[in-house]
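Sequence order for the protein chains is U and F.
Going by our numbering, the first residue of the first sequence is number 267, and it counts up by one from there.
Going by our numbering, the first residue of the second sequence is number 636, and it counts up by one from there.
By construction, these hints were calculated from the structure, which means they are not laboratory data.
Ideal placement from N, C-alpha and C gives every residue a C-beta, glycine not left out.
Careful: at least some of the hints might be erroneous.
What the hints assert, rightly or not - Computed from the model, here is a short list of chain U residues facing chain F with C-beta under 10 Å:
#1 Asp-332
#2 Leu-333
#3 Gly-334
#4 Glu-342
#5 Val-363
#6 Val-393
#7 Tyr-394
#8 Gln-395
Stated by the list, open to error - Below, a list of computed lysine to aspartate or glutamate pairs in the EDC-like style, where the Cα atoms sit at most 16 Å apart:
#9 F:Lys-719 <-> U:Glu-338
#10 U:Lys-386 <-> F:Glu-660
#11 F:Lys-765 <-> U:Asp-318
#12 F:Lys-816 <-> F:Asp-700
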Amino acid sequence: MKRRAVWGVILITGGLWAQGCAAPEPSQDLLAPTEAQMKIRSVQTRVFDIADRQQAMRGVITALQDLGFIVERANEPLGLVTAARFAEPNYYDVVGVTVTVRQETPERMMIRANAIFNNKPIEDPKVYQNFFATLERSLFINTNKDNTGEQSTPRQ
Amino acid sequence: MRAWSLTSIALLCSIQLAGCITPTEPAELFQLTAESLQNRAMQTRLFETSHEKELLSASAAVLQDLGFQVEESVLDVGFLRATKERSAREYGQDIGRFFLFVLSLGKFIMPVDLHQKIAATLVARPIDPKGSSREIRIMFYRVVWKGDGQADRQYLPPGEQKMEMIRDPVLYQQFFAKLSKATFLEAFTL
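Kindly generate the complete structure, drawing on both the sequences and the hints.
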């Protein structure tokens, strides 16, 4: 009886050991586009009827500042704005956002925002809705409703 | 006796709860609040000039006067970022550290603020289509690094960070007063 118990213990510990040894295999399609990625991209992107890229960038910067973000970097030729803010009231979480402004057609601007919370990407559509609502206000123009959704995703 | 134990339990619970701050949802951080308007008014001034370049270089000069070093500048979108590093030592904290050390019988050494980086980001932008007047918005913030400490036998390593926006209106008033002197222009509030 005692011997059986010992064997049982050995087997269980052995099983636990073996489980710890199995290294997690990196999945093959780690970099392949998935449906979820396409979805998040359409949430992050919006097209605005605005012809001047510099004006659009200034609008983005104003919107970010209104939201209390600290503009860290701006690159006019690439249409890139990077900003961050502390997740007040706590002192150790940071929310970062990168906004890119690209000319889609001569009179349309495509604006994409990527937000991260500490080092985790934010995938909550509400975050982007709130951001674009503020951006719309600061640009004082109406978005082209027909072009939100599928068509507003960037071209490959 | 029972009342005493109840009080001590209540005290303990309240101490435990005081440590918890409910984290803000990211979605809330992307929404305008009543405070954001207030902050905007504090951080923004209007200048009646069409020369954005001069306004920006004057701003850079004022920041330099205040001991900042310009780290990033993009003229096309009227953007400047400057920082300065200073010691963050405060006597009050050292005194608190000493008393905590004595009261805990030498078991707890509180980490104190050691070093800080104060930064400013500034954006100039035209506010009317003709571009006859400009708006300057500046935001100050700081990051503080703590020194090391000890809790019982566990060593608390140095380098813990604390980040905060600086929301003292006097600082902003001082900056804009200096800027309007440097540009010979009046700074209008929103």
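Evaluation of the provided hints:
1. With a cut of 10 Å, the hint placing U:Asp-332 at the interface with chain F holds, because the nearest CB-to-CB distance is about 6 Å.
2. Annotation: U:Leu-333 was flagged as interfacial toward chain F, and the flag holds, the nearest CB pair being 6 Å apart, inside 10 Å.
3. Given hint, U:Gly-334 at the interface with chain F, holds; its Cβ is 6 Å from that chain's nearest Cβ, closer than 10 Å.
4. The closest approach between the C-beta of U:Glu-342 and any C-beta of chain F is roughly 4 Å, which is under the 10 Å cut-off, so the hint is satisfied.
5. At about 8 Å, the closest approach between the beta carbon of U:Val-363 and any beta carbon in chain F falls short of 10 Å, and the interface hint on this residue holds.
6. A hinted interface residue such as U:Val-393 counts as satisfied when its beta carbon comes closer than 10 Å to some beta carbon of chain F; here the least separation is about 5 Å, so the hint holds.
7. Hint on U:Tyr-394 holds. Least Cβ distance to chain F is approximately 8 Å, under the 10 Å limit.
8. Nearest Cβ of chain F to the Cβ of U:Gln-395: about 8 Å, under the 10 Å cut. The hint holds.
9. Annotation: proposed proximity of F:Lys-719 to U:Glu-338 holds, straight-line Cα distance about 15 Å (limit 16 Å).
10. Annotation: proposed proximity of U:Lys-386 to F:Glu-660 holds, straight-line Cα distance about 13 Å (limit 16 Å).
11. For the given pair, F:Lys-765 sits about 15 Å from U:Asp-318 by alpha-carbon distance, which is consistent with the 16 Å threshold.
12. With a C-alpha separation of about 13 Å, the suggested pair F:Lys-816 and F:Asp-700 falls inside the 16 Å cut-off, and the hint holds.
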